[in-house]
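There are 2 protein chains.
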Amino acid sequence: MIDGMSLHRSLTDPSLQSINFLNEVVARYPEAISFAPGAPFEEFFDEVSIEDCINRYSVHTAEKVGISFLAARRRLFQYGPSQGLIGDLIAKSLRSDFTMDIDASSIVVTVGCQEAMFLVLRALFSSTRDVLAVVEPCFPGILGAAKLLDIEVVGLEEREGSFDRRQLDRLCDHARARGKRVRALYVAPDYSNPTGSILSEEARLELLEAAGAEDFFLLEDNAYGFTADPTEARPTLKALDQDRRVIYLGTFAKIGFPGARVGFAVADQMTSTRGGGEIPLAKELAAIKSMLTVNTSPICQAVIGGLLLQHNCSLASLARKKSLFYRSNLKALLEALDRKFGTLAQLGKVSWNAPAGGFFVRLRLPVSADEALLDLSARQYGVLWTPMRIFYCSAESCPEIRLSCSNLTEALISEGVTRLAKFVQGLPGV
Amino acid sequence: MIDGMSLHRSLTDPSLQSINFLNEVVARYPEAISFAPGAPFEEFFDEVSIEDCINRYSVHTAEKVGISFLAARRRLFQYGPSQGLIGDLIAKSLRSDFTMDIDASSIVVTVGCQEAMFLVLRALFSSTRDVLAVVEPCFPGILGAAKLLDIEVVGLEEREGSFDRRQLDRLCDHARARGKRVRALYVAPDYSNPTGSILSEEARLELLEAAGAEDFFLLEDNAYGFTADPTEARPTLKALDQDRRVIYLGTFAKIGFPGARVGFAVADQMTSTRGGGEIPLAKELAAIKSMLTVNTSPICQAVIGGLLLQHNCSLASLARKKSLFYRSNLKALLEALDRKFGTLAQLGKVSWNAPAGGFFVRLRLPVSADEALLDLSARQYGVLWTPMRIFYCSAESCPEIRLSCSNLTEALISEGVTRLAKFVQGLPGV
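Line order of the protein sequences matches chains A and B. Read in this note's numbering, the first sequence has 363 at position 363, and its numbers run on one by one without any break. Read in this note's numbering, the second sequence has 351 at position 351, and its numbers run on one by one without any break.
A hint or two may mislead.
[Said to hold, decoys possible] Quick list of simulated restraints, FRET-style, between CB atoms:
no. : chain 1 : residue 1 : chain 2 : residue 2 : range
1   : A       : L70       : B       : G429      : 40 to 46 Å
2   : B       : E51       : A       : E278      : 15 to 21 Å
3   : A       : A213      : B       : V65       : 52 to 58 Å
[To be verified] Residues from chain A that keep clear of chain B, each with C-beta distances beyond 12 Å, as calculated:
no. : residue
4   : D130
5   : D169
6   : E278
7   : E284
8   : A345
9   : S351
Honestly, the hints are just simulated from the structure, not real lab data. All values reported here derive from a predicted model rather than from experimental measurement. In this text, a Cβ means the ideal position worked out from N, Cα and C, and glycines have one as well.
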């Protein structure tokens, strides 16, 4: 028997424990309508032919490299470069969709965005002096990756459209006063997980300015930007980045599919080597990756590469139908909330935000929302959601929940909100 | 510009740098005959149909879970459990081939064996007090994973057939004297990488006894055991493990294919939880994995699952043809060495070992074998190999090289050894 307390401290951290618990709850109530996971809509998967994608990518490689189709196919089964195979296709798509002028040598292809986060943290955080700041509430994966590396995390409170510059300055000052430094700030400027918030272009420029003034990196997570109405899309931080302050984190989990486990980091910061040369930070990330997962499955990269080729390397084209679907679902969720919670809202018992994109809505309840309450909601009312508490770096109590509309039909959204309303009406103080 | 010295220290570690350099050299001389990488023979890949494997696994899941084929297929495109999908099939194959009685709940499916190593190290090594011992020379991936986590590594010299119990005891004593402890010993008892050495059954039992006496875990890497002549196969450490001292690390890179990036850890040690319960260590590894790569690609797991199902979950059946091929190649390499190096060996200028399995032979030269020498060998003689130095935790000079015979035909092995002989005859002191 191993004493659990003798294992690494991340394993007893409340955030890791919470996520385990949530997964268990979701698995325990398979019949419940689930607003819990930010998983993409599954019917989209039926359109993907793995074999076609692999063949398309193999033809492309054969032509590009000047080898036979068979030789190109064999490459996918062998070990591959740690930095990845499809950096050039990703670079092309970033150029066409985001006017981000990135060389393929500045891209590392990763096992989902999660590995990209880990690689960036491992590279940049070299001592206990380095502190990670996160705009919170935030994606728990960044918190978990930091825990694995014993990195101290501090939270910067999210504001809709903007951020609190004075609080950010205080965080940096406070770190300095303790002999530390804020090494990087994690932020999801486009329809963040879990709140669906967005940063204005003005706030983006100010964030870049702050990063320069305080000398930290910005880790930009853009998992949900693709859900924007094209007329409302804002430039990414990376597209505005004049000073190579931004490391951009991308994923194909939502616009492709999660089962491919393909994400990437854009890290074009030039880095001095011991030999006196310089290489993009992405190459250092690849060196770390070689000791973590060796390389991202070339089979999976070929599937995503094949999808990109099918859409002429335009993420916008690849994502168009999905973007419409998710905006439509989000609208349905907000309308259902209006219908079912309007009266309670007038009484000040509940409130929610109304994002224009992303997968999520934040709903404030009159009581603290914890795992016990979730279990009650699932068991008695047949509806699942995520306590907002797990998105904060300090696990205090929180009266908010996250509602995800991504993996539901409009009919299920409507029925789910009806159940949710019954559940809320049963709460003390309502 | 980032100062490379401000990044994590693993990035300036000689072992990570060496591996980068080696990859560059190999890429620079594509026409050279390469005894360098331990990559599997590529023609085997042509027999694998990704689509067939995925379909076979989906049919299996549909029957097992009682869902439609379409629903089973959709699961592969979605997020999946961090612990993996094919633990039951792996458990079945371990039972049938190694008489290892492992429950699926004690298995975590990983992104190659490399991620399994990282997960185990992260879970077990909770403070700077914990030291990792490795039987060396050893697979550099375990050294690299330790570097990422700032884990101190000490080497136990490999002996053919046995190990030096007194040196092991001294390592443990020395750690204790410094207020530390040897937390685990990494060992590849079956045709180790890089030397092809094997531990006798007696030595295996003694190693298990030592682990109990000194209270450390054994990390058993069995990437190459499948190449054994069935009449010569020895029981794995895990099969002999009465006291749950062994964490078993497996990979499908060699008996399946590397591009799937599917490996696994068997960790059946019961672990106390804060709530007063107990869970297998594998579940803790899965919790760490959820913050590293979330889950191993279900697509890739389905491909490997499909291969296992095709062979009735017998690794022996899956590996039979490959095992014969690699033993035949190894024999061809040893015979070519006899032919071309026999005279030099009689003069005491060179020597090599003669493993009965695995991918590798260790050749001792009369001079130190470093990257510069490799570059010379590739440029002037058209033959690549791996300096043995990178397989040690302290990067001192070493006169040995590793020859891999896995991804060559017999004709290329013969020609490669002829070139190697010319190269060695040109060395000073020969």
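Verification of the hints:
1. A:L70 / B:G429: 40 to 46 Å: 45 Å, holds
2. B:E51 / A:E278: 15 to 21 Å: 44 Å, violated
3. A:A213 / B:V65: 52 to 58 Å: Roughly 55 Å apart at Cβ, these two residues keep to the hinted range, so it holds.
4. D130: The claim breaks: D130 of chain A does not keep its Cβ more than 12 Å from every Cβ of chain B (closest is about 9 Å).
5. D169: Fine: 23 Å to the nearest Cβ keeps D169 of chain A off the interface.
6. E278: Incorrect as stated: the minimum Cβ-Cβ distance to chain B is 7 Å, not above 12 Å.
7. E284: Check fails; 5 Å does not lie beyond 12 Å.
8. A345: Non-interface label on A345 of chain A holds, nearest chain B Cβ at 33 Å vs cutoff 12 Å.
9. S351: For S351 of chain A, whose nearest Cβ neighbour in chain B is about 30 Å away, the distance exceeds 12 Å, so it holds.
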